[in-house]
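Enquirer: Each chain, letter by letter, is given below.
Number of protein chains: 2
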Amino acid sequence: MAIEAARFSPSLAAAAFLARRPPPALFPFSLRRRIPLLHVLAGSSGGDGRVVALSSSELRKRRGLSSSSGAADPASDGDEKLRSLRRLFARPDVAIDAYIVPSQDAHQSEFIAECFMRRAYLTGFTGSAGTAVVTKDKAALWTDGRYFLQAEKELTHEWTLMRSGNHGVPTTSEWLNDVLPSGCRVGIDPFLFSFDAAEELKDSISNKNHELVLVRGMNLVDEIWGDARPEPPKEPTRVHDIKYAGIDVPSKLSFIRSHLTENGCDAVVISMLDEVAWLLNMRGSDVPHSPVFYSYLIVEVSTATLFVDSNKVSEDVLEHLEKAGVKLKPYEAIVSEVERLAEKGAKLWLDSSSVNAAIITAFKSSCDKHMKKKGKAGEKVEKEAYSDEPTGVENGALNAVYNVSPVTLAKSVKNEAEIEGMKNSHLRDAAALAEFWCWLEDEVCKSVPLTEVQVAEKLLEFRKKQDGFIETSFDTISGYGANGAVIHYRPTPEDCSSVGSDNLFLLDSGAQYIDGTTDITRTVHFGEPSPRQKECFTRVLQGHIALDQAVFPERTPGFVLDVLARSSLWKIGLDYRHGTGHGVGAALNVHEGPQSISYRYGNLTALQKGMIVSNEPGYYEDNSFGIRIENLLLIKELNLANSFGGISYLGFERLTFVPIQVHTNISGCHGWHFTLVTYIQLLYWYFFCLNNQ
Amino acid sequence: MAIEAARFSPSLAAAAFLARRPPPALFPFSLRRRIPLLHVLAGSSGGDGRVVALSSSELRKRRGLSSSSGAADPASDGDEKLRSLRRLFARPDVAIDAYIVPSQDAHQSEFIAECFMRRAYLTGFTGSAGTAVVTKDKAALWTDGRYFLQAEKELTHEWTLMRSGNHGVPTTSEWLNDVLPSGCRVGIDPFLFSFDAAEELKDSISNKNHELVLVRGMNLVDEIWGDARPEPPKEPTRVHDIKYAGIDVPSKLSFIRSHLTENGCDAVVISMLDEVAWLLNMRGSDVPHSPVFYSYLIVEVSTATLFVDSNKVSEDVLEHLEKAGVKLKPYEAIVSEVERLAEKGAKLWLDSSSVNAAIITAFKSSCDKHMKKKGKAGEKVEKEAYSDEPTGVENGALNAVYNVSPVTLAKSVKNEAEIEGMKNSHLRDAAALAEFWCWLEDEVCKSVPLTEVQVAEKLLEFRKKQDGFIETSFDTISGYGANGAVIHYRPTPEDCSSVGSDNLFLLDSGAQYIDGTTDITRTVHFGEPSPRQKECFTRVLQGHIALDQAVFPERTPGFVLDVLARSSLWKIGLDYRHGTGHGVGAALNVHEGPQSISYRYGNLTALQKGMIVSNEPGYYEDNSFGIRIENLLLIKELNLANSFGGISYLGFERLTFVPIQVHTNISGCHGWHFTLVTYIQLLYWYFFCLNNQ
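Chains as they are written, first to last, in full-length UniProt numbering: chain A, 1 to 693; chain B, 1 to 693.
For reference, chain A alone in the conformation it holds in the complex (with noise of 0.2 Å):
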């Protein structure tokens, strides 16, 4: 209410829908193209229909490690878990001296499904980041700043906490090299590194030699898990209707094979699971807040085969799959699959960043014994080039192409079905934030007691009350005062503070919509922000308007523009400790590459027109308060007066609608919630005339 946005118009995001959503008369064609979707949303969703509207709270609950599913009790069994693994390390089968447990499933999923929480259940710290180490007489537990003081708490005495990033503070391999006596044996499970972080792992550890173990056949942890394990997800799938998906499958396969073609390839392992998704019109809900399905593809130029239990593939959803010519089998035939292609010599194009170890492993070793049967050397590695040498094999060049996946590039630059769908479901997302907004400034102004997690559950309930709403994007960030300047902060309803009027309240929440993906955060204060935070707030606030309206010439990689989010907090000294715009799928994971705006200059792929980013500046002064302001934005081409050297210039299009609290000039405590009501108003107006047209 009374936070200053010095020298900038009141409320950007108020006024840029009203600039660029005229009343409806005037733009007839415009809002012709969102009539259907917005008829369509309730009920019936495309595909079998089932889509499921949970909390992420519920289905945490649901999902969840409860004690009874064996995890995260440290005084009852932490040390009969070590004991229990350790034993293992001496089976003849395995004979190694440590093993690492990654956090990972056996996609680089950024949330995974409950019975892959192995790095949880043995450590019994609950953490989203983090990787467990264990020798025979010693457990270390690496996880960063964010989760110190969780570690502390969750971890028992047998545990050494790794405080990552933390001056002096070992890697995992250098951690190994000091502790384990030259020349042993450290295992992993394959299926949970990359092959290049095994690759990674394999080299650093060797300066010791040590020998890296690919324990095959088993994973330690879920041997010891037992019965207790939960059961992999077993969420039906459903069709991502074409009206979102906007490309039919068979168009998207003969793009990526004639991808294949050019690289002279016979097939691409496809295992990241939103590109899956995305490549076959799917969607499901086997891990919390991204709309996928365990699940690995394998796209040959004539046939196409997906990797999933088939308990997951309804009717429609079979017959939505044939008419694509693709083929099922089971997600645990992935292995012998491409074993099968080695032998018949087939050259594979993998992604050696996202395909796990077990696969690239068993292909090369494949590739290997079948080109001794044939008298030949080994088979062929090459980055990102091939050689077209004949190889006097039947069935062709035995070797592959690393090169990252072709789906990436592609499903990072929306079409247009997927932006009509991205635009409709922040609009409804936006009615629902600034219905929350207004019912939250009311309730503290009325000193009704709140804490982060209630205030959370609301916004849960706004957003469900609006079409086509699935689940949140991710767990969402509600923090008050010092909370807030924790940047992943998760409040739990044992430990959370109440939101008032004396502090800043950030909230960074997104949903799941059956035609988009919403990611926004705000930040407010209810009462009179100290000039120390009206200065911060106006300055992160002058970066996000610097990174919304700038204008770049094609072929600009994302970390050119981030020092124009960042310059007005340096003027003065003040920096934030994150990037500052990230991918967003469409209907599909909130944080997806390849693109990024970040301060971090290795990633050089170029903004392109059609692609999602975030612009999310913000400040966090420790043990006092967090400021971020966050909205999505669509790169699109520019129609300038100019375009100097003949290309194109791209700028941004705002996605997100909810307004940016400024000061006003109407005193008290609703200065806010005139402008949000009179917002309200704006969309459910909006909204009639789009229906009844």
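You may find that some hints are simply not true.
Because identical chains share one entry, a pair is satisfied inside a single copy or across any pair of copies.
What the hints assert, rightly or not - DSBU-like, lysine-lysine: derived pairs with alpha carbons at most 30 Å apart:
hint, residue 1, residue 2
1, Lys344, Lys323
2, Lys534, Lys571
3, Lys534, Lys636
4, Lys423, Lys636
5, Lys609, Lys327
6, Lys571, Lys423
7, Lys458, Lys534
8, Lys202, Lys364
9, Lys364, Lys571
10, Lys636, Lys369
11, Lys136, Lys202
Rather than coming from a laboratory, the hints here were simulated on the basis of the structure.
Owing to the predicted nature of the structure, the values given are computational and were not obtained by experimental measurement.
Place chain B on chain A using the hints.
Expert: Frame of chain A, contents of chain B only:
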């Protein structure tokens, strides 16, 4: 006069001058520090006092390619030169199929002495950049867009002009691979290629099995040039006074030696002329625009040897060198000395990006020879690392560390005395510029016809009046109207425009003073600029101001800031095809590394406190007008209210003190004149106070 700098204060530099340089009585301390310099400048300049005050055009006349020296008369002897060169191909001690003649001297210098202008002599093309390649039946010259027209005029029909950068134009090695039958011998003078460049060339022609032949002992162009070739420069060197250099030679040498010891090296070869001059606190005038002298320097752990024509070294320079323990050897002795070091088993630090192929290959062969003698396999080459393995060789490890010269970064970070010299020389330069602009505005308003060359010569006259002036720091770019759009335009008396009041006038110039180096561009209009020109000028100025005002955390590479200077132009689809900032030497080269501010993202060198960079965004409308606004900036540490992350925040202090022309309310031709007259009065009052304290 009528150019609007919308939303910005009227006279950036003048305002800054007034704000940062208040009347002397208020800041006696800072003023006292400048007095000695300003008293001393006239006359004796330290060392042998041989300060040369010649304009670049005079230098050009004195050293330039006159027809009597045998160059650039396309009609008469162009063919004969090619015939003579090709006859040399067949000599048994040469035996080559092609010869490459670059523009370089042996030191990668930007400005070179006439005797090294072999490419110009051979081809007749006198532009500063170009590479000639001659085969037995073909001759081609590569140059860039700046010189297409000039090259067309100057080349005979025997030469093919290769327009570098144009679509489909091959590189020199692509062309050689195309026109020569497989397995040819391509010759170069190894002194004229850095080792890295020679290796790259070798690699790229090896595709067609061509061999790179280092033609030693003679330069083939010199052979045909014969007696007509100008003598190598014999200008005397001088001591660069410690009051400008700030750090004495023994201290600089021990700094280098500590680096040698840290990296396990016995000696370093310094071949960049400005690095030798900086390290030895010496200056010369062998080439136009840069106060350097042809030489090499080898610094060993306990000795140092300067390779220079001893005629250039007067008694007092000799004494200066002896005091620092620096011995003299002839310039030509560099290769035999490097071979001697190899025989001794010394480990050399070599910057293969600047040290020429003649020196490095001589070292390598000598190592190999010596190793063979000792029964070893060969010299060991590493990048940025070296092994501690004992080699068993008497005098130490026989290998080399290939790394950027230890002088490069040290030279770029200016010390207190260098900064003071830069500030003082910029003040005097500003006085000359202000007087000049005042004069020019008067003349143009009186409709006195003046050509671009006459204007540049008058500017030189004003500069010559300033204490300590030596020469221009590069060829003045004096471009009226459409000529201003040619980024590296150089008017000639025969072919240049008059400066009027109907279009923009761009003037980019700089000077070498005894205590500093300047580089400044101003763009003015003596009448009424068009709305288009106003818009473009305003946006260039906005970019200039955005960079000028930038604050950034330590360890920020220059390319991060480049977008600040471009974003105003990008907003309307405009851009410029050059970097935004380059490093500048202190009384040294006007262009120096390692830092830069550029849209090329490869240079990761962090901007550091004490470095100097230019700030020169521009906009060029072909065949119409050009705009560039350039100041020099000193990077300094800021004392801000915050320092997030516990690190330093850096910003810029303007070194350039000349007003930027902006819109004023005073109508008519004399608006800017009024600003300038006031400004000159202030400057001279300031000098008066300084000199009479």
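Enquirer: Against this structure, judge whether each hint is valid.
Expert: Hint-by-hint comparison with the structure:
{"no.": "1", "hint": "Lys344 <-> Lys323", "in the structure": "within (26 Å within a copy, 78 Å between copies)"}
{"no.": "2", "hint": "Lys534 <-> Lys571", "in the structure": "both (15 Å within a copy, 29 Å between copies)"}
{"no.": "3", "hint": "Lys534 <-> Lys636", "in the structure": "between (32 Å within a copy, 28 Å between copies)"}
{"no.": "4", "hint": "Lys423 <-> Lys636", "in the structure": "within (14 Å within a copy, 46 Å between copies)"}
{"no.": "5", "hint": "Lys609 <-> Lys327", "in the structure": "neither (34 Å within a copy, 63 Å between copies)"}
{"no.": "6", "hint": "Lys571 <-> Lys423", "in the structure": "between (35 Å within a copy, 24 Å between copies)"}
{"no.": "7", "hint": "Lys458 <-> Lys534", "in the structure": "within (27 Å within a copy, 54 Å between copies)"}
{"no.": "8", "hint": "Lys202 <-> Lys364", "in the structure": "within (16 Å within a copy, 35 Å between copies)"}
{"no.": "9", "hint": "Lys364 <-> Lys571", "in the structure": "neither (53 Å within a copy, 51 Å between copies)"}
{"no.": "10", "hint": "Lys636 <-> Lys369", "in the structure": "neither (50 Å within a copy, 63 Å between copies)"}
{"no.": "11", "hint": "Lys136 <-> Lys202", "in the structure": "within (20 Å within a copy, 54 Å between copies)"}
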